[in-house]
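Here the protein sequences line up with chains A and B, keeping their order.
So in the working numbering, the last spot in the first sequence is 207, and the numbers never skip.
So in the working numbering, the last spot in the second sequence is 423, and the numbers never skip.
No lab work stands behind these hints, which were simulated from the structure alone.
Backbone N, C-alpha and C fix where the C-beta goes; we use that ideal spot for every residue, glycine too.
Check each hint, because a few of them may be wrong.
[Said to hold, decoys possible] Beta-carbon label-pair distances, calculated as ranges:
#1 B:Lys301 x A:Thr81: 21 to 31 Å
#2 A:Asp68 x B:Gln293: 35 to 45 Å
#3 A:Ser163 x B:Pro27: 43 to 53 Å
#4 A:Asp68 x B:Pro30: 33 to 43 Å
#5 B:Asn46 x A:Ser163: 45 to 55 Å
#6 A:Thr81 x B:Ala185: 56 to 66 Å
#7 B:Gln211 x A:Asp68: 51 to 61 Å
#8 A:Ser163 x B:Thr150: 26 to 36 Å
#9 A:Asp68 x B:Lys290: 34 to 44 Å
[What the hints assert, rightly or not] Keeping only pairs whose Cα atoms sit at most 20 Å apart, straight-line, the calculated SDA-like set for lysine to any residue is:
#10 B:Lys398 x A:Arg74
#11 B:Lys337 x A:Gly77
#12 B:Lys417 x A:Thr81
#13 A:Lys86 x B:Glu411
#14 B:Lys301 x B:Phe387
#15 A:Lys86 x B:Lys410
#16 B:Lys398 x A:Ile67
#17 B:Lys398 x A:Gly77
#18 A:Lys87 x B:Glu411
#19 B:Lys337 x A:Thr81
#20 B:Lys394 x A:Val76
#21 B:Lys410 x A:Ala83
#22 B:Lys417 x A:Ala98
#23 A:Lys86 x B:Trp420
#24 A:Lys86 x B:Leu415
#25 B:Lys95 x B:Ala246
#26 B:Lys337 x A:Ala61
#27 B:Lys337 x A:Pro64
#28 B:Lys410 x A:Asn72
#29 A:Lys86 x B:Gly412
#30 B:Lys43 x B:Asp63
#31 A:Lys87 x B:Ile413
#32 B:Lys394 x A:Gly77
#33 A:Lys86 x B:His409
#34 B:Lys398 x A:Asn75
#35 A:Lys87 x B:Lys301
Take a look at the letters that make up each chain.
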Amino acid sequence: MAYSPKVIDHYENPRNVGNFGTTADVKKRPDVGVGIVGAPECGDVMQLQILVDQETGKIKDAKFKTFGCGSAIASSSLATEWLKGRTIDEGLAIKNTQIVEELSLPPVKIHCSVLAEDAIRAAISDYKAKNPGAAGAAASTPASSASR
Amino acid sequence: MALKLPIYMDHAATTPCDPRVVEAMLPYFTEKFGNSGSRNHWFGWEAEEGIDWAREQVAKLLGANEKEVIFTSGATESNNLAIKGAAEMYEKKPAGQTGRGHIITCIIEHKAVLDPVKRLVKEGFDATFLEPGADGIVTAKMVEAAMREDTILVSLMWANNEIGTINEVREIGALCRKRGVIFHTDGTQWAGKMPVNVEQDNIDLLSMSSHKIYGPKGVGALYVRRRNPRVRLVAQQDGGGQERGFRSGTHNVTGIVGMGKAAEIALKEMDAEGARLLKLRQKMENALTKAIDVSQINGHLEKRLPHLTNISFGFVEGEGLMMAIKDIACSSGSACTSASLEPSYVLKGLGVGDELAHSSLRLSLGRWTTEEQVDFAIENITKAVLKLRAMSPLYDMHKEGIDLSKIEWAHH
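Please model the complete structure; the sequences and the hints are all you need to start from.
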């Protein structure tokens, strides 16, 4: 299967590879949200970490590590690029379809973009769970989303 | 001399035609183009001569008589003809409550064996799908334990296409002979690479392919035993009665001549070639498993083909890895290399965890593989694995001492 030039670019020059500390460290940091999605048996695991300015709710930095195919690596690399500078609520607006479009993913690779969206949501909800009163933290609680 | 890229290390998938094979085929496209069925003129005789010569070469390669070699379109057709043809011929009649008869095969066979057997099951036969141990080898003992009163056919490959492991063919053949059960072996990965003697190896039916042994695609053969016992098959393709009625259809004369030439060369060169490739493979395996921690060779370490290796590199996904080594053509057990999301059923069949199955590479060497190419592969695969591990959350967890099997993953 031929990869799109953008997938190849992200795969060969992945943006923002890394983390903000060990698994134990980031668990304790209230300014870091961690999302780990997927499973080794399925062939993809994405770990996305966001570093949030707790005053403004803005994502200052984002890092990823991914076990998976080229499209999975590219999707998570792209997600970190898009997250930086957004507020956590703006982060939730990122949809897998946008990732599919940006990277020209073929149908068999759509699950990579779904996984990236899941990772974003997981990281943001981890941050919110650590900061129940923080800016924007209430926006996606079940009660408030139901009332819209 | 600069290394020519990309490098081909997927000889278990297919091989390039040997130039000597192409040379032998060429006259049969233009000058000797006759239909071997044309019995009354020179053109037909010439084509028939070519086929007779090719049949002799294949028979020699197998230690068989020329009359026991049936040309087909490839190993898939040979397997279908052998399995369906034997099952239909030897079925228990009348079909009673016990069904039409029992077939023994194995879960890590090629799909061209599994699917014909599954079709027969739908049509009223019964089958046992043996599960090999972690080493991937089917023993005569396993077959004996699965044998029943109504067993009519055993179909087990000689060497596995994904991991190269070698089944106890001769012993299984002896057992089948003793029990009066027909024994078919899919010799696609074996015949032409390793010695065959259908007498000593107790084989009744053997499938083989031309394009795995440096011959052209679209042609294969089925060995069908004629004496002690005489094996009969129900033809699966009817028509002009070619190949003694086993396989109708105008002969693929060019292809058959090419296969004959490939068989002739294989018989002459297999010993030296096998020894040379074994050394190269050992060099590659030793270097890779030494440079990369948490890597494992899949299948039995000794009882396998000399030119093939299947290695899992933990915490790195196979397709991602292949993308990083795009100058090396090989294959992976990763789900992502197939349309389904299931990793290799062969590796799963050995009990290799799904995670390591996703992380596997199959590298298969061939006639023109050089040491320089092997060195290039070692260097590039090592670099790629280390690069991807720096990106792998699983490798971090492993280094932090987290047991990955204890984590509750969100399956999707």
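Consistency of the hints with the structure:
1. Checking the proposed 21 to 31 Å range against Lys301 (chain B) and Thr81 (chain A) shows it holds: the Cβ atoms sit about 28 Å from each other.
2. For Asp68 (chain A) and Gln293 (chain B), the hinted distance range of 35 to 45 Å is satisfied, since their beta carbons lie about 38 Å from each other.
3. Between Ser163 (chain A) and Pro27 (chain B) the beta carbon distance is about 33 Å. The supplied range of 43 to 53 Å is therefore violated.
4. At about 40 Å, the beta-carbon gap between Asp68 (chain A) and Pro30 (chain B) stays in the expected band of 33 to 43 Å.
5. Between Asn46 (chain B) and Ser163 (chain A) the beta carbons are some 50 Å apart, a value that agrees with the proposed interval 45 to 55 Å.
6. Between Thr81 (chain A) and Ala185 (chain B) the Cβ separation comes to about 59 Å, which falls inside the hinted range of 56 to 66 Å.
7. Look at Gln211 (chain B) against Asp68 (chain A): about 58 Å separates their beta carbons, and that is inside 51 to 61 Å.
8. A hinted range of 26 to 36 Å for the beta carbons of Ser163 (chain A) and Thr150 (chain B) is inconsistent with their spacing of about 50 Å.
9. Distance hint check: the CB atoms of Asp68 (chain A) and Lys290 (chain B) are about 40 Å apart, consistent with the given range 34 to 44 Å.
10. Under the criterion of a C-alpha separation no larger than 20 Å, the hint pairing Lys398 (chain B) with Arg74 (chain A) is consistent with the structure, at around 14 Å.
11. Distance restraint check for Lys337 (chain B) and Gly77 (chain A): the Cα-Cα separation of roughly 25 Å exceeds the 20 Å cut-off, and the hinted pair is therefore not satisfied.
12. Taking the CA atoms of Lys417 (chain B) and Thr81 (chain A), the gap is near 18 Å; set against the 20 Å cutoff, the hint holds.
13. Using a Cα cut-off of 20 Å, the hinted pair Lys86 (chain A) and Glu411 (chain B) holds, with the two alpha carbons roughly 14 Å apart.
14. Using a Cα cut-off of 20 Å, the hinted pair Lys301 (chain B) and Phe387 (chain B) holds, with the two alpha carbons roughly 16 Å apart.
15. Between Lys86 (chain A) and Lys410 (chain B) the alpha-carbon distance is near 17 Å, which keeps this suggested pair within the 20 Å criterion.
16. Taking the CA atoms of Lys398 (chain B) and Ile67 (chain A), the gap is near 15 Å; set against the 20 Å cutoff, the hint holds.
17. Restraint check: the Cα-Cα separation between Lys398 (chain B) and Gly77 (chain A) comes to about 12 Å, which is no more than 20 Å; the hinted pair holds.
18. Distance check on the hinted pair: Lys87 (chain A) and Glu411 (chain B) sit about 16 Å apart at the alpha-carbon level, within 20 Å; holds.
19. Straight-line distance between C-alpha atoms of Lys337 (chain B) and Thr81 (chain A) comes to about 32 Å, which puts the hinted pair past the 20 Å bound.
20. With a CA separation close to 17 Å, the supplied pair Lys394 (chain B) and Val76 (chain A) stays within the 20 Å bound.
21. Taken as a hint, the Lys410 (chain B) and Ala83 (chain A) pair is honoured in the structure, with Cα atoms around 13 Å apart against an allowance of 20 Å.
22. For the hint pairing Lys417 (chain B) with Ala98 (chain A), the CA-to-CA distance comes to about 12 Å; that is within 20 Å, so the pair holds.
23. Only pairs whose Cα atoms come within 20 Å are accepted, and Lys86 (chain A) paired with Trp420 (chain B) is accepted, the gap being roughly 17 Å.
24. Proposed proximity of Lys86 (chain A) and Leu415 (chain B) is supported: the alpha carbons are some 17 Å apart, at most 20 Å.
25. For the given pair, Lys95 (chain B) sits about 9 Å from Ala246 (chain B) by alpha-carbon distance, which is consistent with the 20 Å threshold.
26. Restraint check for Lys337 (chain B) and Ala61 (chain A): the C-alpha separation of about 11 Å stays at or below 20 Å, so the hint holds.
27. Of the pairs offered as hints, the one joining Lys337 (chain B) and Pro64 (chain A) holds, with about 15 Å between alpha carbons and a cut-off of 20 Å not exceeded.
28. Restraint check for Lys410 (chain B) and Asn72 (chain A): the C-alpha separation of about 24 Å exceeds 20 Å, so the hint is violated.
29. The straight-line distance between the Cα atoms of Lys86 (chain A) and Gly412 (chain B) is roughly 16 Å, inside the 20 Å bound, and the hint therefore holds.
30. Of the pairs offered as hints, the one joining Lys43 (chain B) and Asp63 (chain B) holds, with about 14 Å between alpha carbons and a cut-off of 20 Å not exceeded.
31. Annotation: proposed proximity of Lys87 (chain A) to Ile413 (chain B) holds, straight-line Cα distance about 17 Å (limit 20 Å).
32. Between the alpha carbons of Lys394 (chain B) and Gly77 (chain A) the distance comes to roughly 18 Å, so the proposed pair stays at or under 20 Å and holds.
33. Proposed proximity of Lys86 (chain A) and His409 (chain B) is supported: the alpha carbons are some 17 Å apart, at most 20 Å.
34. For a cut-off of 20 Å, the pair hint linking Lys398 (chain B) to Asn75 (chain A) stands: about 14 Å separates their Cα positions.
35. Straight-line distance between C-alpha atoms of Lys87 (chain A) and Lys301 (chain B) comes to about 37 Å, which puts the hinted pair past the 20 Å bound.
Of the hints listed earlier, those the structure fails to meet are numbers 3, 8, 11, 19, 28, 35, in rising order.
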